[in-house]
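With the hints as your guide, set chain G onto chain S.
In order, the protein sequence lines correspond to chains S and G. Per numbering that gives the first Met the number 0, residue 0 is the first one in the first sequence, and the count goes up by one each step. Per numbering that gives the first Met the number 0, residue 0 is the first one in the second sequence, and the count goes up by one each step.
Calculated from the structure, these hints are not laboratory results. Every residue gets a Cβ at the ideal spot worked out from N, C-alpha and C, and that includes glycine.
Among chain G residues calculated to face chain S with C-beta under 7 Å, some are:
| id | residue |
| --- | --- |
| 1 | V124 |
| 2 | Q166 |
| 3 | N253 |
Some residues of chain G that are not near chain S, with every Cβ distance over 12 Å (derived):
| id | residue |
| --- | --- |
| 4 | A106 |
| 5 | V181 |
| 6 | T236 |
Computed Cβ-Cβ distance ranges for the label pairs, DEER-style:
| id | chain 1 | residue 1 | chain 2 | residue 2 | range |
| --- | --- | --- | --- | --- | --- |
| 7 | S | A136 | G | D49 | 23 to 33 Å |
| 8 | S | Y101 | G | D237 | 48 to 58 Å |
| 9 | S | G114 | G | S13 | 15 to 25 Å |
| 10 | G | S185 | S | L110 | 26 to 36 Å |
| 11 | S | V113 | G | A82 | 51 to 61 Å |
| 12 | G | R216 | S | F29 | 41 to 51 Å |
| 13 | G | D49 | S | V14 | 19 to 29 Å |
| 14 | G | T15 | S | V113 | 27 to 37 Å |
| 15 | G | L220 | S | V109 | 28 to 38 Å |
| 16 | G | R105 | S | V109 | 39 to 49 Å |
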Amino acid sequence: MSPWDGVKIAVLLFVAAVAQVSDFSQINVFGAAPDLLLVTLVAISLLRGSVAGAVGGFFAGLIVDIASLGTLGLTSLVLTLAGFWIGRYGETTGRDRGHAPYLSIAVVTVLFEVGLLVVHFVLGESAPGGALFSSLAPAVALNLVVTGPVYWLVRRLLRPQALGDLSAEVQLLG
Amino acid sequence: MLVSLTLLTISFRSPTSGALHDIQGVGSTVLRPFQIAASRVARPFRDAYDYFDGLANAKSENAKLRKELAWYQSHLLLSVEHARQEKALSNLLHYIEGPKFPNGYRAVTARVISASSSPFSRSLVITAGSSAGIRLDAPVVSGNGLVGIVSNLYPDTAVVTLLSDAQTVVPARDVETNARGVVHPSGAGGLILDQVAKQLSVRAGDQIVTLGTIDPRYPDLYPSDIPIGRVTYAHATDTSSFLQVELQPYANLNSLQAVSVLVATKKHHK
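The following block holds chain G by itself, in its conformation from the complex:
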C-alpha cells in the first residue's frame, strides 16, 4: 500500500513528464505486443458480434441511408453553387481564412491498443507518439468525425481523451443555423450542446461541427469544421436560459479500431 501511495503521489505530481513518466512509457512499449496479441485473439469474436449486430440493424439502416442519400443529392447542386459564390465573394472581400480542417493538417493514423470506458475516464491508448510528430492537445478524428484530443504523450504511444470524457469541452456550432455552444458529455453518457441561448434555433437533425478559433488571441485547440455529431433532441424550457440539445456523435466512441491524429503542418497564428 505504501508503494502504491508513493507511486500515486509521484505520478500525480508530474503526469506528463519526469522519470516515472519515462519508465511508464517504456513499460507501455514492453506491454504493447501482448496487448496487440490480445486484441488479435479477441478480434474474431468482436467481428462476429459486429456482423450479427450489423445484420440486425441493416434493414433500418438501409432505409435511413436511402433517405439521407436523397437529402444529400438534393443539396449537392445547391452546395456547389454556394461554394462557387463564396469563393468569388471571399476574393472580392480579401477575406483571410483561419486554420480550417483539413487544410494545414496532416493525419497520423494509429491503431487503438486499449480503451478505458470507466465512469472516471474515457480514453484510448494509440500506437503512435511524439516520435511520429504528435503533440500534446492535438485533435483526434476517425473516418466519421471528432474523437477527442491527445492528453498525454510518450515516444511510441499517446493517450487520447475521448469526447465522452467528463473533462472534455469542445466549442461548437450548428452548421444549419450557426448557433454556437459547447459540446460536453451529459450525465447520462451521451453528448450535449450546452450554452446555446434560448433565442437561437437548433433543430433535430442539424449537424454540429467544431467552432475553431474566433479570436486569434484565444486560439482554440480544435480547428474549425470537424464534424462532431447530429442533433437528436432540441427543446427549450421555461426554467432554463439555454436550449437542451442532445447529440449523437458521428464517431462510434465505443468501438474504435484506429484513429487519425491531426498534426499541424505549419504553426498557426496564436
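Chain S on its own, in the form it takes in the complex:
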C-alpha cells in the first residue's frame, strides 16, 4: 500500500466518522440508522486488506468515541476486529466477487451490533438485547442501501491491488 493510499484512507475514514456522528446517527428508520463509517471501513478493508482494515478501524473508532464523548476504546475495539476480519476475507476468498461487499456488510452489521452488545454487557452497562435484535433487520437493510454508492466511490479512489500485492496464503484456482 502506497503512502498516498494511506492519506486517502485516512481522509475517507475521517469524513465518514464525522458524518456518522453528526448526521447519519440522527436518522431513525424503524429504530435503526445507516452506518456510513462501517460501510466505508468494509469497503476499504476489502480493497486494501486486513492491516489497513484493522488500523483504519482503530482510528475511525477512536474518532467516533472522542466526538460522541462515549467510552474511549469501545467502538475502536469492535471496528478493529471488523476491519481485520473483512480485510482477511478480501485478501482471500472475497476478492473479485461482486457480492463480496454486500455479503460482508450484511454479516458485519450483525456481528458489529452483537459485538457492541457483548462489550456493553461485559462492562455492566445497559445491553438491551430485545431492542437491538428488533432494529437489526432495518440496520442491515439501510447499510445495504448505502453499500453500492460507497463501495463505488471507495473503489474509484483506491484501485484494486494487483494479485501479487495481496496475501498469498489462499490462492483461487478458478
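Positioned in the frame of chain S, the structure of chain G alone reads:
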C-alpha cells in the same frame, strides 16, 4: 486491540474525570468545527425532508391543532380563576413552595452537534459545558418539554442522556388526576409511565409532568412541572398490579437541533 482494551479500561474506570477524560474533552473541542461543518452540509437535506414530511402531515396536524385550540380556550378562563384562588389560599396557609420550573432556574441554550440513537445509548453532545455554568445532572429541555439530563461534562461540551435512554427514570405525575409514577423507556422504543397503582385513574390525552422533590431529604434531579408528554394509551389488566400507560413525549427526541440546560440560580434545599 491491546490499545483499545487499555483505553476502554481506563475510560470505564473514570468516566467523568481524569487525564483521559480531559484529553477526550480537548479532542472533542478539536473535532467540533468539523462536526458543525458536517451538520451544515446536511442541513439543507434535513430541512427538505422536514418540509415534505411537514406537508404530508399538515392537514391532519391542522385539524388536531384546531381541536386543541378549542380545548385550551375553553380551559383558559377556568385556569385563570383557579390560579387566582390558589394564590389567595396559599397566602392564607403560608404555603412554602419547593423549587418549581422555571422559577429558580436559568436556561443555557446550546446547539446539538451529535446524537447517538443506538439501542445501547440515546444521548446528545451539546456545545456548552462547565464553562457556561452547566453542572452534572442538570435537567435539559427543548421548547416543547423535557429532553433528558446532563450525564457527562467537559469545559466546552456536555453529554445529555435522553429520556429514551434505557437508564433514564423520571418521577412524574398526571396533571389531570395527580396519579404518580415513573417515566422510563419501553422495550419498543416509546415511553411508559410505570408504577401507577391500578386503583388510580390515568386517561388517554392526560398530560404528564415531572414530579419534583416531595421530601427535601431525598431531592429529585428534576424540578417539578416540566412537561414530559401526553398519554396515548392507558389500560388495566387483571394480571398486573400497575396500569399500562404509554406516552408520546412532547420533545421530538430524534431531531433536536438545540436544547436548553436548566441551571439552578440558587442552591435549593437538599
